[in-house]
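Quick note, the sequence shown lines up with residues 3 to 196 if you use our numbering.
Source of the hints: derived by calculation from the structure; they are not laboratory data. Cβ atoms here follow ideal geometry from the backbone N, Cα and C, with glycine treated the same way. Any given hint might turn out to be false.
Unchecked claim - Simulated DEER-style distance windows between Cβ atoms:
id	residue 1	residue 2	range
1	Ala59	Pro166	31 to 41 Å
2	Gly119	Gly76	16 to 26 Å
3	Arg136	Pro24	39 to 49 Å
4	Thr28	Ala80	36 to 46 Å
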Amino acid sequence: MPEPKPEPKTYPLVITDIRNLPPKTTFDRIAVQITGVDWSIIATVEAPYENGAATLALPLEFPAEQLQVADRRGGNMAGYWPGTASDPAALVATLGDFIAYRGDEKVGRIYRSDWSGEGSSASKAFVYYQYADRPFEVTGATTSYYYSDCSFVAGWNAFANINPSSEGLHGNIRCTTAGLDRLELTWNFESWAH
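Please model the entire structure based on the sequences and the hints provided.
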């Protein structure tokens with residue numbers, strides 16, 4: 003008898019204590035797509051939403067041919083980061099929007115931030131998740147973003163895009179992996195616009 007295959011290794015991402023949920027809004031699962039090579043969807047992960055929580059089991063192993071080049075060096079628009087990755091061979095996969103479903107109906111989007119959803123989002127952080135096949139740092143700047151203390155480890159990483167402190171087009175968005183534990187981050191619900 004062949005030995006059973008071991009369960010794939012996963013990283014648990016827990017979504018709980020969701021704020022801004024309208025009183026009559028219900029959903030039963032949360033799903034997120036993972037993008038990789040050429041910005042294609044390489045996997046979808048979903049979990050039931052029960053007792054106010056969902057635990058997404060993010061894969062910790064991907065075939066290299068499914069992953070996206072970490073940066074766009076040499077004008078490679080298939081790369082993820084417009085900044086420069088310290089390791090040109092680094093490969094990544096990135097989570098898209100967290101979508102709440104009731105059956106097959108999209109109900110809304112869930113995001114992680116220190117912004118309540120009301121008032122100004124100046125100086126507020128919005129958190130995203132990226133898998134890296136090896137450690138690397140992103141440096142540099144574009145006309146919209148600058149990369150500061152933006153270091154990734156092998157596996158899943160959280161990074162934040164932090165809006166400039168003033169409204170309007172003054173200043174760039176800071177992208178960082180540092181100091182996220184010092185922010186008052188919460189999971190927030192945003193109704194799906196039809």
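Going down the list of hints, with the structure as the test:
1. Ala59 / Pro166: 31 to 41 Å: 36 Å, holds
2. Gly119 / Gly76: 16 to 26 Å: 40 Å, violated
3. Arg136 / Pro24: 39 to 49 Å: About 42 Å separates the Cβ atoms of Arg136 and Pro24, which means 39 to 49 Å holds.
4. Thr28 / Ala80: 36 to 46 Å: Holds - the Cβ-Cβ distance for Thr28 and Ala80, about 39 Å, lies within 36 to 46 Å.
The structure shown violates just one earlier hint, number 2.
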